[in-house]
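Student: Sequence:
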Amino acid sequence: CYVVYIFKKHTLSCSLFATMTTRLFFFSLLFFFSSFVFVDGDVQTPQRELRKETVTMQLSCGNVELGFYKDEASNTADHILKAFKLGLYDTNHVFRVDKNFVAQIADCMTSRRVGLTFEQNEHARKKIRGEHVGQTIKHRKGTLSMARFNDPDSGTTSFSILLGDAPHLDGQYCQFGELISGFEVLDELQKLETTKSGIFVMPKERIEIMSTYVTSGGDGDNNNCVEEKLRAESLAKELHDIRAAKLPSKK
285 CYVVYIFKKH
295 TLSCSLFATM
305 TTRLFFFSLL
315 FFFSSFVFVD
325 GDVQTPQREL
335 RKETVTMQLS
345 CGNVELGFYK
355 DEASNTADHI
365 LKAFKLGLYD
375 TNHVFRVDKN
385 FVAQIADCMT
395 SRRVGLTFEQ
405 NEHARKKIRG
415 EHVGQTIKHR
425 KGTLSMARFN
435 DPDSGTTSFS
445 ILLGDAPHLD
455 GQYCQFGELI
465 SGFEVLDELQ
475 KLETTKSGIF
485 VMPKERIEIM
495 STYVTSGGDG
505 DNNNCVEEKL
515 RAESLAKELH
525 DIRAAKLPSK
535 K
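Count the sequence shown with the working numbering and you get residues 285 to 535, in order.
For the record, the hints were derived by calculation from the structure and aren't laboratory data.
These figures come from a predicted structure and were not determined experimentally.
Be aware that one or more of the hints could be misleading.
Here are the simulated lysine-lysine pairs, DSSO-like style, with alpha carbons at most 30 Å apart [unchecked claim]:
no., residue 1, residue 2
1, K425, K383
2, K422, K410
3, K422, K369
4, K336, K354
5, K366, K354
6, K488, K475
7, K410, K354
8, K336, K369
9, K336, K366
Based on the provided sequences and hints, a complete structural model is requested.
Tutor: The following block contains the structure:
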């Protein structure tokens, strides 16, 4: 009987060990893949470490989530994040959709449907010094790249989300973050009808930024994070109705 007891105890211990090992392996895989972003079925890792703060832009055609580099182009990332926190991008729009190249958000000074507060106006006018010199990050699909004029220090609030690889921009335009989710929305943008005006390829229909909110991810004021989420959730039904109205009716 003692031998049988030892055998059963040993079998139970092995079983528990196997179960624990399997669970540890499973959670290790989850942790490993949590740092990846999936693009068109492929795995894409961020080119630089991202901050915990993220931004969700609720477009008239879907939602995209933006991540910002922690140590790369930090002044530019700070500037754009503050603009989002001030609500500068609400009612702005994606004025440029150049297939396999860029989707560009318009400058907030002149492209919003509503007016600016004093604080918003002050920030929208502020020019940010170019941080592109020495950058080795590649312009690829999902990268956030600062827009500017010929002067490298003329960027304000306009930026682009890359729709494809653009190596000719590397080292010329400052990259400050990457898309975390919403790649399917980028694909939908590229299906829209466009028209050309000068050097710009623009969608025929306005791509509205209906609302934006910042999620702290554990840093900063948690109350503000909750408030922003509630504000976004309160607009969910309205956004759904607006998007549904834009789709052809089923017959």
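Student: It remains to establish, for every hint, whether it holds in the given structure.
Tutor: To see whether the hints hold, each was checked on the structure:
1. K425 to K383: holds (11 Å)
2. K422 to K410: holds (27 Å)
3. K422 to K369: Cα-Cα ~27 Å, so holds.
4. K336 to K354: Holds: K336 and K354 sit about 8 Å apart, inside 30 Å.
5. K366 to K354: holds (15 Å)
6. K488 to K475: holds (12 Å)
7. K410 to K354: holds (22 Å)
8. K336 to K369: Measuring from Cα to Cα gives roughly 15 Å; hence the hint holds.
9. K336 to K366: Status holds; Cα separation ~15 Å.
Every hint, counting from the list given before, is met by this structure.
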